[in-house]
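Visitor: If you want the building blocks of each chain, they are given just below.
2 protein chains.
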Amino acid sequence: MKKLINDPKNVVLEAASGIALAHSDIVTVSMDPLFIVRKDAPVRGKVGIVSGGGSGHEPLHGGFVGFGMLDAAVPGPVFTSPTPDPILAATHAVDGGAGVLHIVKNYTGDVLNFETAAELAEAEGLTVRSVIVNDDVAVKDSLYTAGRRGVAGTVLVEKIAGAAAERGDDLDAVAAIAERVNAEVRTMGVGLTPCIVPHAGEPSFTLDEDEIEIGIGIHGEPGRERIRLEPADAIVDRLLPHIVDDVPFVSGDRVLLFVNGMGGTPLVELYIVFRRAAELLAERGIEVSRTLVGNFVSSLEMQGCSITVLRLDDELTELYDAPVQTAALRWGR
Amino acid sequence: MKKLINDPKNVVLEAASGIALAHSDIVTVSMDPLFIVRKDAPVRGKVGIVSGGGSGHEPLHGGFVGFGMLDAAVPGPVFTSPTPDPILAATHAVDGGAGVLHIVKNYTGDVLNFETAAELAEAEGLTVRSVIVNDDVAVKDSLYTAGRRGVAGTVLVEKIAGAAAERGDDLDAVAAIAERVNAEVRTMGVGLTPCIVPHAGEPSFTLDEDEIEIGIGIHGEPGRERIRLEPADAIVDRLLPHIVDDVPFVSGDRVLLFVNGMGGTPLVELYIVFRRAAELLAERGIEVSRTLVGNFVSSLEMQGCSITVLRLDDELTELYDAPVQTAALRWGR
Numbered sequence: 004m005k006k007l008i009n010d011p012k013n014v015v016l017e018a019a020s021g022i023a024l025a026h027s028d029i030v031t032v033s034m035d036p037l038f039i040v041r042k043d044a045p046v047r048g049k050v051g052i053v054s055g056g057g058s059g060h061e062p063l064h065g066g067f068v069g070f071g072m073l074d075a076a077v078p079g080p081v082f083t084s085p086t087p088d089p090i091l092a093a094t095h096a097v098d099g100g101a102g103v104l105h106i107v108k109n110y111t112g113d114v115l116n117f118e119t120a121a122e123l124a125e126a127e128g129l130t131v132r133s134v135i136v137n138d139d140v141a142v143k144d145s146l147y148t149a150g151r152r153g154v155a156g157t158v159l160v161e162k163i164a165g166a167a168a169e170r171g172d173d174l175d176a177v178a179a180i181a182e183r184v185n186a187e188v189r190t191m192g193v194g195l196t197p198c199i200v201p202h203a204g205e206p207s208f209t210l211d212e213d214e215i216e217i218g219i220g221i222h223g224e225p226g227r228e229r230i231r232l233e234p235a236d237a238i239v240d241r242l243l244p245h246i247v248d249d250v251p252f253v254s255g256d257r258v259l260l261f262v263n264g265m266g267g268t269p270l271v272e273l274y275i276v277f278r279r280a281a282e283l284l285a286e287r288g289i290e291v292s293r294t295l296v297g298n299f300v301s302s303l304e305m306q307g308c309s310i311t312v313l314r315l316d317d318e319l320t321e322l323y324d325a326p327v328q329t330a331a332l333r334w335g336r
Numbered sequence: 004m005k006k007l008i009n010d011p012k013n014v015v016l017e018a019a020s021g022i023a024l025a026h027s028d029i030v031t032v033s034m035d036p037l038f039i040v041r042k043d044a045p046v047r048g049k050v051g052i053v054s055g056g057g058s059g060h061e062p063l064h065g066g067f068v069g070f071g072m073l074d075a076a077v078p079g080p081v082f083t084s085p086t087p088d089p090i091l092a093a094t095h096a097v098d099g100g101a102g103v104l105h106i107v108k109n110y111t112g113d114v115l116n117f118e119t120a121a122e123l124a125e126a127e128g129l130t131v132r133s134v135i136v137n138d139d140v141a142v143k144d145s146l147y148t149a150g151r152r153g154v155a156g157t158v159l160v161e162k163i164a165g166a167a168a169e170r171g172d173d174l175d176a177v178a179a180i181a182e183r184v185n186a187e188v189r190t191m192g193v194g195l196t197p198c199i200v201p202h203a204g205e206p207s208f209t210l211d212e213d214e215i216e217i218g219i220g221i222h223g224e225p226g227r228e229r230i231r232l233e234p235a236d237a238i239v240d241r242l243l244p245h246i247v248d249d250v251p252f253v254s255g256d257r258v259l260l261f262v263n264g265m266g267g268t269p270l271v272e273l274y275i276v277f278r279r280a281a282e283l284l285a286e287r288g289i290e291v292s293r294t295l296v297g298n299f300v301s302s303l304e305m306q307g308c309s310i311t312v313l314r315l316d317d318e319l320t321e322l323y324d325a326p327v328q329t330a331a332l333r334w335g336r
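Chains as they are written, first to last, in my numbering: chain V, 4 to 336; chain A, 4 to 336.
These aren't lab readings, by the way, just hints derived from the structure by calculation.
Wrong hints could be hidden among the right ones.
Because identical chains share one entry, a pair is satisfied inside a single copy or across any pair of copies.
[Stated by the list, open to error] Simulated pairs of lysine to any residue, SDA-like, Cα-Cα distance not exceeding 25 Å:
#1 143 x 217
#2 12 x 232
#3 42 x 172
#4 42 x 171
#5 12 x 214
#6 12 x 143
Extracted from the complex, chain V is given alone in its bound form:
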């Protein structure tokens, strides 16, 4: 295992220290219990938004804490849900009196621990709503999930719900916007190589030299099928119909097209994938009006990518475009 780390069991805490030092203008990091919180939290009168989950998907979620997006992120151990305690602490830390929204990726551990934290917070007098993100069309039920997995679409839920909270929407309205994004977003990925969880020291699965996993999960969970390596265009031709036909997205729709790298794939390859995905959408009469390309929901050093399509309307577009000031997404301010 070749990694730029010290003791494998300190990876998450040391990275959190690095985040605290690198982004002290935007966030504060509580080391115990561990959570990353907006420097000016709680923002009085604003709905607080908390997300979190296993580490190893950076910049998700810590890189999205700041003005216009998350109020706090709770990182668990690598690929492992955080426990209820830090989630509860983060929920308190961002409560500005207007309630708190939990944005939770649909994995059994995350759902359970966020639910427990929400119940504890409610018992202590806070108002909490939860939205479960499940944008992955690859498989129904998976290694760690009942139902669809939450993957790269989570970034868009967090961005758009964050903007709604920032403009002053109340808790029900912010939750409704988050639900709406989740209803309109679909993702599917492909994995070329596995990744190594530091405390495990070896890959959790293997792929032959010429094998790829279509529909892979962000922890390397199995997808739909293993096939032999194909040209990028052929891979996109496989993935995109599943994404588009699910909602379905149809001619005349306006969408955001998001090509997400899984950590170990060069940007040059993501743009080749983007090109083909944009061509296919154009052929179907679907207009790409917003775009995002890069490593936003990674799986450590895994090579591969996912394609996400979100149907936009005027309101979602305006909220997506709204100013954001985080470590990993910044614009307009």
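Take the given structure of chain V and dock chain A to it, following the hints.
Guide: Positioned in the frame of chain V, the structure of chain A alone reads:
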């Protein structure tokens, strides 16, 4: 070779098409000759700034074209300098009547081809100045370089010179700012794994399972020494003194600390490196007042990182903070 590509010889052109589609709000892409240019170029009365070099380092340089940074980027084949023709065409495309600055990383091919393009442009009546970036302290003379190599510090030269041009500095002043940044910035890297140039199909060098290259170049060129893998902190402890003692940076200095990923290294590892580098600078009484962490000058899927330190004064800080609107760096607008 597992890559999300089609025909290896089309990688650069297909990626350029992807960039054109993904960032049509910011750039236009000329496919033949190949260059990426600011959508509103030429900007009348503003100094135009052109950079470029071999592909495979994305987002450098194409991701830095836009308001407040580059006016054009000229991508060559992977790890190979562009020829004078597209550089000349890009130079014409960004000439708004105030002259054009070429920012060139110090590799023999780049220096020669930019020089030829500059001479041709001058013969055609344009005014061109060139600044050579050579921030890498690892080695003097290298596989492709006479003198020091230009590496991640190039991003900071481009950002700060771009801001100077945007505020209306004339060509001599913009060139002087770029030279000043180059004089105040130092970088050194470490490589954990090689990368595969698509048209070669196999790694250009190999490292044993427990071996790393201290001082590696961004094309995988040899650095100072090959050692056995060490903890991240020990690696940072090796790199940082070379960077700091070169200028030297001393107690009381204010600096920008930039940890750059080489493409295949997870962000979580870059933050662990950042943490140790920040600690060491603090121990020396050097104040980190600006930070940058991420993949900005990559080497395809290579695992590794580089550490860059730039000494700031009030003017450089103000120019670094100035608004920028590119695919890969955006803030303040």
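Visitor: Run every hint past the structure and note whether it holds.
Guide: Structure-based check of all given hints:
1. Proximity of residue 143 and residue 217 under a CA criterion of 25 Å is satisfied intra-copy only: 14 Å inside one chain copy versus 46 Å between copies.
2. Only between protomers do residue 12 and residue 232 lie at most 25 Å apart by alpha-carbon distance; the minimum there is 18 Å, versus 34 Å within a single protomer.
3. With identical chains, the CA atoms of residue 42 and residue 172 are at most 25 Å apart within one copy only, with a shortest distance of 21 Å there and 36 Å across copies.
4. For the homomeric pair residue 42 and residue 171, the shortest alpha-carbon distance inside one copy (19 Å) is at most 25 Å, but the shortest distance between copies (35 Å) is not.
5. With identical chains, the CA atoms of residue 12 and residue 214 are at most 25 Å apart between copies only, with a shortest distance of 22 Å across copies and 31 Å within one.
6. For a Cα distance limit of 25 Å, the shortest separation of residue 12 from residue 143 qualifies neither inside one copy, at 32 Å, nor across copies, at 38 Å.
The structure is inconsistent with hint 6 alone, although it conforms to all the rest.
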